[in-house]
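Visitor: Just so you know, the protein sequences line up as chains V and F, in that order. Note that our numbering has the first sequence beginning at 1, numbered continuously upward. Note that our numbering has the second sequence beginning at 113, numbered continuously upward.
The hints are simulated quantities; they were obtained by calculation from the structure and are not laboratory data. Hints may be right or wrong, so weigh each one.
[Claimed, not checked] Below, simulated DSBU-like cross-link-like pairs (lysine-lysine); rule was C-alpha separation at most 30 Å, straight line: (1) F:Lys165 x F:Lys180; (2) F:Lys167 x V:Lys14; (3) F:Lys180 x F:Lys166; (4) F:Lys180 x V:Lys14; (5) F:Lys167 x F:Lys180; (6) F:Lys180 x V:Lys9; (7) F:Lys165 x V:Lys100; (8) V:Lys9 x V:Lys100.
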Amino acid sequence: NAGVTQTPKFQVLKTGQSMTLQCAQDMNHEYMSWYRQDPGMGLRLIHYSVGAGITDQGEVPNGYNVSRSTTEDFPLRLLSAAPSQTSVYFCASSYEPSRKAFFGQGTRLTVV
Amino acid sequence: KNEVEQSPQNLTAQEGEFITINCSYSVGISALHWLQQHPGGGIVSLFMLSSGKKKHGRLIATINIQEKHSSLHITASHPRDSAVYICAVKQSGSARQLTFGSGTQLTVLP
Numbered sequence: 001n002a003g004v005t006q007t008p009k010f011q012v013l014k015t016g017q018s019m020t021l022q023c024a025q026d027m028n029h030e031y032m033s034w035y036r037q038d039p040g041m042g043l044r045l046i047h048y049s050v051g052a053g054i055t056d057q058g059e060v061p062n063g064y065n066v067s068r069s070t071t072e073d074f075p076l077r078l079l080s081a082a083p084s085q086t087s088v089y090f091c092a093s094s095y096e097p098s099r100k101a102f103f104g105q106g107t108r109l110t111v112v
Numbered sequence: 113k114n115e116v117e118q119s120p121q122n123l124t125a126q127e128g129e130f131i132t133i134n135c136s137y138s139v140g141i142s143a144l145h146w147l148q149q150h151p152g153g154g155i156v157s158l159f160m161l162s163s164g165k166k167k168h169g170r171l172i173a174t175i176n177i178q179e180k181h182s183s184l185h186i187t188a189s190h191p192r193d194s195a196v197y198i199c200a201v202k203q204s205g206s207a208r209q210l211t212f213g214s215g216t217q218l219t220v221l222p
């Protein structure tokens, strides 16, 4: 029972590069979301999905794209990395937002 | 003003002490979560509650819906309880995911 698998754990990018953070869950959860965590600011919602084919923006969506082609996978794409995107990123899933949330291990991203 | 406020931001305790972390929120909610973030960075859900009180081992979570306040208590604290504790709420009537507090850094000294 893998839960939420998030890769990679660490990544260094140069400004302007693009990359995809992978998130997969094996619990058949409809709700999946991406957060970024910055010092002193708590977790902030980037994008979320309420089911396959349905995504929506969170608080800080600029510079990021998502898609949800399957229930299991919810990748986060950085289109053109900027130093302001240096952060720790977490993927989470749950049956619904009021139910227990399961988090991936996080990705520490540095943009230089 | 943040919709979810936690206090204190930092807390240092001696092993064995009773610890309380507070969470106040300003919006209507359907659920409140307490999360624990380990020093290595992983996040684990401790409690999800919408009313009353829940207990798991040495951890107790309470919520007062009328006062828009929740507390997380740790009895007989231990150094392994050292972590960041995060309060998060699911707002009523919104399809959005959780809104998070900024966390409480707890350090328990031996």
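Visitor: Check each numbered hint against the structure and report the violated ones by number, ascending.
Guide: 2, 4, 6
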